[in-house]
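With the hints as a guide, dock the two chains, each given alone in a separate frame, to form the complex.
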Amino acid sequence: MIICPSCKHEELEGRIFCSNCGASLMQRVQTAIEETETRVIIVELLDVNRSVKLSGKEKFVLGRSVPSQPESVLDLDFRQYNGFEYGVSRKHAMLRLIDQGIQLIDLNSSNRTYIDGEEIYPWNEYDVDGNSVIRLGKLRIRVSLED
Amino acid sequence: MEKPKLKYSISYGSDELLIMNEPQIYYALITLSAEGEKGYSSKIPKSLCFVVDASTSMQGDPIDIVKQSLSRIPKILDDQDTLSIVTFNDRAETIFRPTKVDKIQSISRHIAKIRAVGGTEMYQGLKRGYIQLVRTKTFRQSLSTIILLTDGQTYGDEDMCFRLIKNARSDGINIFGVGIGNEWNDEFIDELVGYAGGTSAYLSDIYKLPIVLSNLIKMAHIDSIPQVTMRFDTNSRVTLSNIFRLEREVSLLPIDNNQVCIGAIPFGSKIQLLLEFHIPSLNTDEEEVCLLNGKFINNSYKEHLKIQSYSINMKVPLTSTPKKNGIVSSEIMQSVFSISLYRMQEAARNEIRKGEINKGIRMLRNLANQLNVQGKPALASRIIEEVLFIENTQGYSTSGEKQIKYATRILSAETQVDLSNMKTKKVKLK
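Chains as they are written, first to last, in numbering that gives the first Met the number 0: chain P, 0 to 146; chain H, 0 to 429.
Okay, chain H solo, but in the shape it has when bound (with noise of 0.2 Å):
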């Protein structure tokens, strides 16, 4: 099979960036498409691992709807796939060695073994998956995936959990992550999700983990480039400050060491990569500016699976005359837009836990506002219900933080700002 060919398209912010004596924000946006005859992946047998919390946190209905849950996995994968399932706690425990779905037999009565006690060590967990599925004969011909599932925090080990993943990426394995109720730590999960690419899903009510798994085993059988990475060198004048991934949400994609997993690149549909440029005070007789020298590889060691490296370099020119028109491009536009709501969600939360509530109050009160101006009632509702609550307790309520977060963060990909009507925003009373 001819190897496809990844596609990509650069919008900058604005034709020209204006020289100032102090510094300045620069948007860019990347377009990346996969191109090529299908069936790249899709062909290709998955290798999943499932990592579960089985702390005493997880007793009672977590642990059997897991369970429950677990069981029926293998009807929803294809037959060249491999499953393994492992549990932590204090330590880590393989339930399911890698077994291919065709030659399980009895699952039920491994599963059945799971116990719910103990502490939360992840690392013990994720250490365990990841050797399962390296070890599984077919890893070289498969693509591996972990799927974490948990509902607490783990302390002292997230730098070992971080560099495991790392090396885990480098393997070509990728990591999704289930968040259960209330506790468990989002920020952590997110960036260690990052890391590989991958994404995490919040589940606040655990009857909906069927819907959840089904819908991450589908994601992991995408047609698709797998694990798609952008390594860059910057000028040294400019930081990269964030990158975006624009998909059907938001996502903040951890940057290390000038390099960023950007994940499965889908055929058929696109991703887009919103980059924010801090650009220090210019006083130069240059043309133009550097921003980013890159080029996009896919960390897959399987030779059958790479790709070739793409380069990427991104340039604008330098002004010292703004201009009327095309100041910002309205794709740029729509999409910082799209990112906005979540960025102030996460500002809000920030100032809450260091206790400046009134402050964070605030920002939320602005975001209920702005959700109101687009359409959304609802949850505009439900911060200001939050901000009541905040107003008594001084903190946020158990599930008020990450249904807001979570919320917003989908919600801002789907919004679609109207230009239009941007210099007369219609705010709705209260």
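So here's chain P without its partners, still in its complex pose (with noise of 0.2 Å):
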């Protein structure tokens, strides 16, 4: 079974595009039968003036934990920098590696993603970069591949 890496629907084995969104399940296929991922996001928090980096992976869940969920699911837990008071949603968005750079993804946030100030649809892959605000609810962060 393949899972859509834009809009995590699952699709059977051989699926070229998803049929809920439209997207290029191809990448999954090649990723699969590449080297492990070594580069580095830094994800700059512009509300409280921190910088964390995310690495080894192709995909990084950004969100606030509670007790009640496990924490393990979360790349980027956004629960120490008060995320629930910027409104930020247990999974609110993922970020992606790509051949060319960065995409973000919206996971169906309750307080939706903008960047640059736009509102993105959920489960639509946007393509960022260092010189994109990007807004999750009211968290302003902004992302980039480390040199």
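It is worth saying that the hints were derived from the structure and are not from the lab.
None of the values given here were measured: they were computed from a predicted structure.
A couple of the hints might just be wrong.
Unchecked claim - What follows is a set of in silico ranges between Cβ atoms, one per label pair, in the way DEER data are often shown: (1) E157(H) to G55(P): 56 to 62 Å; (2) G55(P) to M19(H): 25 to 31 Å; (3) Q58(H) to G116(P): 49 to 55 Å; (4) D14(H) to G116(P): 46 to 52 Å; (5) N110(P) to D63(H): 51 to 57 Å; (6) R71(H) to E9(P): 52 to 58 Å.
What the hints assert, rightly or not - Pairs of lysine-lysine, DSS-like flavour, derived with a Cα cap of 30 Å: (7) K90(P) to K7(P); (8) K74(H) to K136(H); (9) K358(H) to K90(P); (10) K90(P) to K353(H); (11) K353(H) to K7(P); (12) K2(H) to K269(H); (13) K269(H) to K6(H); (14) K165(H) to K66(H); (15) K401(H) to K207(H); (16) K137(P) to K66(H); (17) K37(H) to K305(H); (18) K99(H) to K37(H); (19) K314(H) to K4(H); (20) K358(H) to K58(P); (21) K2(H) to K37(H); (22) K7(P) to K404(H); (23) K136(H) to K305(H); (24) K136(H) to K165(H); (25) K42(H) to K294(H); (26) K294(H) to K165(H); (27) K375(H) to K7(P); (28) K294(H) to K269(H); (29) K358(H) to K7(P); (30) K99(H) to K112(H); (31) K90(P) to K58(P); (32) K7(P) to K401(H); (33) K404(H) to K353(H).
What the hints assert, rightly or not - Computed far set for chain H versus chain P, every beta-carbon distance over 10 Å: (34) D77; (35) F138; (36) Q140; (37) E157; (38) N214; (39) Q307; (40) T318.
Note that the Cβ used here is the ideal one computed from N, Cα and C, for glycine as well.
And the structure:
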């Protein structure tokens, strides 16, 4: 079974495009046979003046844990950065490494995700770089690849 | 005249099929073309029968425009062609018996008799139209086509219509459907015409009927190998789940008892069939799996139009090691992409019908996003407009359902996927 990297829809092996969101599923196949990801994403938390590094994977789930939710599903937990007050959902968004950079996918969050002030559609992939200000609810972040 | 040859080539989705302990999808593409001396079918007289819905709902502009359009048909046919017209409501009526065009003196006074009153019993009309064609003196020497015009839905006689059209197909008769307005049953008409290799057209503006009819008549006159059918058997473990014809638009071809009617293969251009196989979990020591064994034939019982049959065998080697390169050929990827937007639209429509409004809306938004990516903002905006309507009313607008369906169907075949950009689709912000 293939899980669409964009919308999480389940598809049979061999499908080329997701029947739910139209995203290409080929990247998943290629990624699976490529070597382990070594690039590092730097996430700047603009409202709390901190930076976090994400590495070792292709996809990173951003959100806010609660005691009843295992923290392990999150790659970046905003609970410690007052995520609740900023309106960050439990599973808010995903960052994904692609050959050309980073993609951002909103995971159908309650308070939505914005790029440079514009709301993005959930489950769709958007290219982002260090010039984009991303807002998860009200929490502003910036993402870039480490040199 | 020497009989033409049918040429075909097969592109496989990948060079090898990965052995997996779970089901998988496998795609293959068949490209068909006709080769030989031109004029094979274009010199053959055509016999057209218009089967016209004359139910109460056609009253007013629709029936008036239909009558005006029918009056002009003899002018766009060849002298050797034959024309007939039947109408149907609760019953069928022959308005104009099969007559060679050069013998037609006054068709208008016959057409003037058409009145739009009563219900919609399509089988009655199709049966009468079929009889007109097969009883035509020149039936055996001509290529016959039914052109169905309807604005409504038939109830209870759908299976009879299917059976009739399958019989008509075996007699070499083709059928085109024209749906007028928004109330007709496009899924039924698509399946009906698909059994004979025909297509349907959606006419939202009745004033465009003359253009649509003129185009259909041109299609009927295209020089081609008519009524090509593929008969096949699949490996007992493999299912041929869908076949799409990729031409100017995408058509899902109905599979009927291991045969599928592809329709006419024109000279000078190509028809592509995208085959979608469902492969069960494989746990085998075999070196290859047979996907399909079959043959192409043409349905025409008219000996002089028959071509030789061409056998087709599709098989793919099995492997337990995935390859980095050549996972899916670009040609297959392009073809699958060309049907994906249409299928997304179909999936959204099904969800909304089931009452899964939010799911359907999400799919339509995704579709709009993909259309924006492909540089089709007008259709994307139309879909977003429809989404807002659905959010408010929990259902499609009167015209929305069919507009989106037929727009994505045409668009899908025209859209070219940028394979170089496949890994990083740049999605525009709304």
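Hints and how they fare:
no. : hint                          : verdict
1   : E157(H) to G55(P): 56 to 62 Å : holds (58 Å)
2   : G55(P) to M19(H): 25 to 31 Å  : holds (27 Å)
3   : Q58(H) to G116(P): 49 to 55 Å : holds (53 Å)
4   : D14(H) to G116(P): 46 to 52 Å : holds (48 Å)
5   : N110(P) to D63(H): 51 to 57 Å : holds (56 Å)
6   : R71(H) to E9(P): 52 to 58 Å   : holds (53 Å)
7   : K90(P) to K7(P)               : holds (13 Å)
8   : K74(H) to K136(H)             : holds (22 Å)
9   : K358(H) to K90(P)             : holds (19 Å)
10  : K90(P) to K353(H)             : holds (28 Å)
11  : K353(H) to K7(P)              : holds (21 Å)
12  : K2(H) to K269(H)              : holds (18 Å)
13  : K269(H) to K6(H)              : holds (10 Å)
14  : K165(H) to K66(H)             : holds (29 Å)
15  : K401(H) to K207(H)            : holds (16 Å)
16  : K137(P) to K66(H)             : violated (63 Å)
17  : K37(H) to K305(H)             : holds (15 Å)
18  : K99(H) to K37(H)              : holds (24 Å)
19  : K314(H) to K4(H)              : holds (24 Å)
20  : K358(H) to K58(P)             : holds (25 Å)
21  : K2(H) to K37(H)               : holds (10 Å)
22  : K7(P) to K404(H)              : holds (25 Å)
23  : K136(H) to K305(H)            : holds (20 Å)
24  : K136(H) to K165(H)            : holds (22 Å)
25  : K42(H) to K294(H)             : holds (27 Å)
26  : K294(H) to K165(H)            : holds (19 Å)
27  : K375(H) to K7(P)              : holds (25 Å)
28  : K294(H) to K269(H)            : holds (18 Å)
29  : K358(H) to K7(P)              : holds (13 Å)
30  : K99(H) to K112(H)             : holds (20 Å)
31  : K90(P) to K58(P)              : holds (13 Å)
32  : K7(P) to K401(H)              : holds (29 Å)
33  : K404(H) to K353(H)            : holds (17 Å)
34  : D77                           : holds (44 Å)
35  : F138                          : holds (44 Å)
36  : Q140                          : holds (46 Å)
37  : E157                          : holds (27 Å)
38  : N214                          : holds (30 Å)
39  : Q307                          : holds (34 Å)
40  : T318                          : holds (13 Å)
Hint 16 from the earlier list is the only one contradicted by this structure; the remaining hints agree with it.
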